[in-house]
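Undergrad: These protein sequence lines are chains R and S, in that order. Counted from 1, the first sequence has number 29 at position 29 by the numbering used here; the numbering is strictly sequential. Counted from 1, the second sequence has number 178 at position 178 by the numbering used here; the numbering is strictly sequential.
Don't read these hints as lab results, they were simulated from the structure. Honestly, I wouldn't trust all of these hints.
Only pairs whose alpha carbons sit at most 20 Å apart, straight line, appear in this in silico SDA-like list of lysine to any residue [to be verified]: (1) R:Lys54 x S:Pro8; (2) S:Lys58 x R:Pro8; (3) S:Lys6 x R:Gly105; (4) S:Lys6 x R:Phe97; (5) S:Lys26 x R:Leu183; (6) R:Lys6 x S:Glu101; (7) R:Lys54 x S:Arg12; (8) S:Lys26 x R:Pro96; (9) S:Lys6 x R:Ala55; (10) S:Lys6 x R:Glu101; (11) R:Lys58 x S:Gln44; (12) S:Lys58 x R:His34; (13) S:Lys26 x R:Gly24; (14) S:Lys54 x R:Ala55; (15) S:Lys83 x S:Val56; (16) S:Lys54 x R:His104; (17) R:Lys6 x S:Val56; (18) S:Lys6 x R:Ser27; (19) S:Lys6 x R:Ser69; (20) R:Lys6 x S:Tyr103; (21) R:Lys6 x S:Arg80; (22) S:Lys6 x R:His104; (23) S:Lys54 x R:Phe97; (24) S:Lys6 x R:Phe166; (25) R:Lys26 x S:Asn147; (26) S:Lys58 x R:Glu11; (27) S:Lys58 x R:Asp40; (28) R:Lys58 x S:Asp40; (29) R:Lys58 x S:Asp37; (30) R:Lys58 x S:Asp39; (31) R:Lys6 x S:Ser77; (32) R:Lys26 x S:Gln99; (33) S:Lys26 x R:Gln99; (34) R:Lys58 x S:Glu11; (35) R:Lys6 x S:Glu11; (36) R:Lys54 x S:Val9; (37) S:Lys6 x R:Asp93; (38) R:Lys54 x S:Asp39; (39) R:Lys26 x R:Glu41; (40) R:Lys54 x S:Tyr103.
If you're wondering where the values come from, they're calculated on a predicted model, not measured in any experiment.
2 protein chains.
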Amino acid sequence: MARVRKIPVMERLCEELRNLPGVGTKSSVRIAFHILDMDDERVQSLVNAILDAKAVMKFCDQCFNFSDSNPCSICASPERDHKTICVVEQPRDIMPFEQMEDYHGVYHVLHGTISPLRGASSDQIKFAELISRVVKDDVQEVIVATNSNVDGEATALYIAKILQPFNIRVTRIAHGIPVGGELEHADSNTLSKAMENRREIVLSGSEE
Amino acid sequence: MARVRKIPVMERLCEELRNLPGVGTKSSVRIAFHILDMDDERVQSLVNAILDAKAVMKFCDQCFNFSDSNPCSICASPERDHKTICVVEQPRDIMPFEQMEDYHGVYHVLHGTISPLRGASSDQIKFAELISRVVKDDVQEVIVATNSNVDGEATALYIAKILQPFNIRVTRIAHGIPVGGELEHADSNTLSKAMENRREIVLSGSEE
Chain R
1 MARVRKIPVM ERLCEELRNL PGVGTKSSVR IAFHILDMDD ERVQSLVNAI
51 LDAKAVMKFC DQCFNFSDSN PCSICASPER DHKTICVVEQ PRDIMPFEQM
101 EDYHGVYHVL HGTISPLRGA SSDQIKFAEL ISRVVKDDVQ EVIVATNSNV
151 DGEATALYIA KILQPFNIRV TRIAHGIPVG GELEHADSNT LSKAMENRRE
201 IVLSGSEE
Chain S
1 MARVRKIPVM ERLCEELRNL PGVGTKSSVR IAFHILDMDD ERVQSLVNAI
51 LDAKAVMKFC DQCFNFSDSN PCSICASPER DHKTICVVEQ PRDIMPFEQM
101 EDYHGVYHVL HGTISPLRGA SSDQIKFAEL ISRVVKDDVQ EVIVATNSNV
151 DGEATALYIA KILQPFNIRV TRIAHGIPVG GELEHADSNT LSKAMENRRE
201 IVLSGSEE
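The following block holds chain R by itself, in its conformation from the complex (with noise of 0.2 Å):
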């Protein structure tokens, strides 16, 4: 006989927290009995903290970030360049420039990238938003962070040759060994972009 009788609003949520990103089918379990556990109040306060958001954060119209406001605290601030433009799959890829406190300029979230194999083009992306904004504040350099995937390299070739007319700086962020990071742990794709882009080391007091 079948033992384990599935309780259905305990399937359904458990369901539900499998499509949030990294919980799996025991964490979804551990994670179900715990709401069981919490205080009403408890749970009130986190479902409202998820509508709250949902409720507040728009995208920005300028950059396409999420932000409470429009245009974003970023996008909105004269501290920022405004003439560079760090462009980004994905809102969550902003976060660990900011956390560097040492970018200036702006941000430009494409929601993905295009995709020769999937079929995706640029009409699905903010792509033109991109070139208006380049056109529109006379934008000196476009840095390229997509990720270092056939997609994401595919796009950055893909706005460098758009890019090109303009006669801007199209540039792409390096990719290699992490700072910290052991050789023996480096994967053949990481340690071969490594190789390929070495420089000479420039030994003090001697000119470049």
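Using the hints, position chain S against chain R.
TA: Coordinates of chain S only, in the frame set by chain R:
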């Protein structure tokens, strides 16, 4: 300057998510962005699943497991052996037994353990309720399946001691090397238990 501007609704969502088991700082951010990316109806469906589970699931007043019925389907089943009670710490501990499909008794969820160190006494868990079931249902065996840490062992000993006058079997599930587990990965405590609970090898054909 502090460059990463905190957006209050996002901070609150990430904080709520981090309270869930297994969700750390990075995964809370990942889930939060995923929620922003979801369609409104998908978000509402997640929220409803949480609220519905919370509203429907109650404690069974016999075994104190979570259930959508009272008594729960296990306590109400005439196919289960109601004279054998498996005692566990938490509702989530029942699932592995049910998945095994080999146990035909019923359960009792203590909702915690006694703990000499934390000063948690038997009043704070469903202990009196266990005794009253043992008496009322003419129980013949109580299998203690609390965890094998200090509090779980203390609780197991306490149950055995209190139930001694009732002249029933009180047993403890075996702890040892997991089936399929490799010796080289066994921790000292598990190996120590496995040695302590070693058994004679009974050769087929010989008498025990």
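Undergrad: With the threshold set at 20 Å, check whether the alpha-carbon distance from Lys6 (chain S) to Phe166 (chain R) stays at or below it.
TA: violated, 36 Å
Undergrad: Below or equal to 20 Å on CA atoms is what counts here, so check Lys58 (chain R) against Asp39 (chain S).
TA: holds, 13 Å
Undergrad: Going straight from one Cα to the other, do Lys54 (chain R) and Val9 (chain S) come out at no more than 20 Å?
TA: holds, 9 Å
Undergrad: If you draw a straight line from the CA of Lys58 (chain S) to the CA of Asp40 (chain R), is it 20 Å or shorter?
TA: OK: Lys58 (chain S) and Asp40 (chain R) at ~12 Å, within 20 Å.
Undergrad: So if I understand the rule, the pair passes when the alpha-carbon distance is 20 Å or less; does Lys26 (chain R) with Gln99 (chain S) pass?
TA: Holds, because 13 Å separates the two Cα atoms, which is no more than 20 Å.
Undergrad: Tell me if the straight-line CA distance from Lys6 (chain S) to Ser27 (chain R) falls inside 20 Å.
TA: violated, 28 Å
Undergrad: Holds or violated: Lys6 (chain R) and Glu101 (chain S), Cα atoms, limit 20 Å.
TA: holds, 14 Å
Undergrad: Please work out if Lys6 (chain S) and Glu101 (chain R) have their alpha carbons no farther apart than 20 Å.
TA: holds, 14 Å
Undergrad: Next pair to validate is Lys26 (chain R) with Asn147 (chain S); report whether the Cα-Cα distance is within 20 Å.
TA: Holds. Lys26 (chain R) to Asn147 (chain S) sits at ~18 Å (cutoff 20 Å).
Undergrad: Between Lys26 (chain S) and Pro96 (chain R), does the CA-CA distance stay at or below 20 Å?
TA: holds, 11 Å
Undergrad: Does Asp93 (chain R) lie within 20 Å of Lys6 (chain S) when you go C-alpha to C-alpha?
TA: Distance of about 16 Å is within 20 Å: holds.
Undergrad: Does the alpha-carbon distance linking Lys58 (chain R) and Glu11 (chain S) stay inside the 20 Å limit?
TA: holds, 15 Å
Hint violations for this structure: numbers 5, 14, 15, 16, 18, 23, 24, 35, 39, 40, all remaining hints satisfied.
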